[in-house]
Amino acid sequence: MPTPGFNPALVALSVAIAIFAAYTALDLGARARGVADSTVRSGSRGLWIAGAAVTMGGGIWSMHFIGMLAFEMGMPTAYDLGLTVLSFLIAVGVTGAAFAFAGRKGAGPRAVLVAGPLMGLGIALMHYTGMAAMRMPGHVAYDPPLVAASVAIAILASTVALWLAFRHNSVSEKVIAAIVMGLAVAGMHYTGMAAATFSGDHGAHPAAHGLAAAPQALAFAVAGATFLILFVGMLAIAVDQHRIQGELAASEARFRAAIAAVRGVLWTNDAQGRMVGPQPGWAAITGQTQEEYSGFGWAEAVHPDDAAPSIAAWNETVAARKTFVFEHRVRAKDGGYRHYAIRAVPVLNRDGTIREWVGVHTDITAQREAEAELRESNEEIQRYAYIVSHDLRAPLVNIMGFTSELAETRAELQTVLAGHPQAERIDADFGEALGFIGAAVTRMERLIAAILKLSREGRRRFEPETLDMSAVIRRLADATQHQAGSQNAVVSVAPGLPAIVADRLAVEQIFGNLLDNALKYLDPARPGRVTITTEAVGTERVRFAVADNGRGIARNDHDRVFELFRRSGTQDRPGEGIGLAHVKALVRALGGRIDLDSEPGRGSTFTVTLPRGAAMERGAAAPLSMAAE
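Residue numbering for the sequence shown follows our numbering, beginning at -12 and increasing consecutively.
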């Protein structure tokens, strides 16, 4: 038998197919993994897996078949059609299964260690099935060590192929990986061919039903079909890449629009936090050139008092690889400084390393100036509140002095009127009047103390205590007797009101204002009536209702009566529209709510729902904004 050898042209063709198929499969496999990790395009994952299987498996099979045709034995050779087709299906099937297993969502690196060996064993099975398809006048024997070596090469090449397919690769890395993969697959095949020893038998002939043709013609036909499949795969890659570029362009446009919407200036830094390349946004606000802001030159545009802290905080953030949140002043083109809020996040590669930093400078100068004006205004209000509390105390002291004198006068009158038939009634009226004055003085003292405390601390602080609501509201109702009597009205308080835990002064202000409003807007043409009732709301809250039979409020005015300096109906009563706005703020600060039910001519019912227990800790500060909700 003649000495066997290899056709160099067909060997080169088989290696080229292996490399081209490896590159195409690596790209398709990476797209399959990208789809698996995506929550949007999960439906196309199967198509990319199938494409990777056909290109990789078909390419390996084509390389194997052309490699066998490149083997010149000097005897006629044919190939069994059934076994040849079976070897092709084995190559495609095991490759597809391996890609699907290693590329499924959530698969970790260990999945490659399972799928790689299985794929390698399948490729080895494909190779030796294809060898078994050879029909020639002779016999084939295999060298076990070389067979084992070919299987080991197949397993190693398959594992490396899957690992490369499912990691982040640049174009140059894919080219290098494809060359290595193609050579490894070719090495496996030719090692397997070297393991076979052919012995001639001139009396035998190839099977008539086998594939038989000139080796070069058959090789070029298989190569042409393979390159056509690979071309279709590359075309699919190009179409998908075009779609991705379109999505990236649209995403970038949305991103830039979002930045413009928040008055932000976008910038990027390298992984070490240095400003590199053109930064048009930064240059626009600072006037710095690229040479001036490159590296850490941007710090030259930061206010001298903020530059060192900014660099220190930035370096700390870069080292910790966390989100950068900071604020500093930046010198503008006109030489003035503006306040900017900064937020920057690291952009990571697939392996977790930082590729770059993307940040936004948002101009908050107007906000900071408004805050400064608000602080100045609050300080002025606090100073004024202190002065008012001081000035209010002086007339209150005078009232207390006159009250003391009236108490002495009462004692003298008791002596003078002793035995007079009206003495007892006069003394009772005198005592009741002094009681009302004393209660009013006590309430005034509490209000002045609250104003003084507010002027010192800037916020009102509540002091919760257990309140007997029957006693509290009864005292408030008694204090309105003179006003109620002048309007021929009766104020009635339901017995047995439940106790709650709340700030005494706040509760007195709430129900005092409601009683005052109810009496103020009674209809003078008929007897007035104001009632205070209560009901439980579950086990944690109590609802108090202050109802009157006054003129009522039109429905379209229900919301505005709680607005500051806004009133409803005919403005024939004194007032500034402050009381109900303050009541609503206090109710809200105590953790409750207030509702209104009223119609003109039917009267009004203000319902206050408060928690039974304290809604805040003792001494807790509460905002008392009276802005309408």
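No lab work stands behind these hints: they were computed from the structure. Certain hints may be false.
Below 16 Å or equal to it, Euclidean Cα-Cα: the simulated EDC-like pairs (lysine to aspartate or glutamate) are [stated by the list, open to error]:
(1) K440 / D378
(2) K440 / E366
(3) K320 / D350
Note that the structure is predicted; figures quoted are calculated from it, not measured.
Now the hints, each set against the structure:
no.: 1; hint: K440 / D378; verdict: holds, 15 Å
no.: 2; hint: K440 / E366; verdict: holds, 14 Å
no.: 3; hint: K320 / D350; verdict: holds, 14 Å
The structure is consistent with each of the numbered hints, conforming to all of them.
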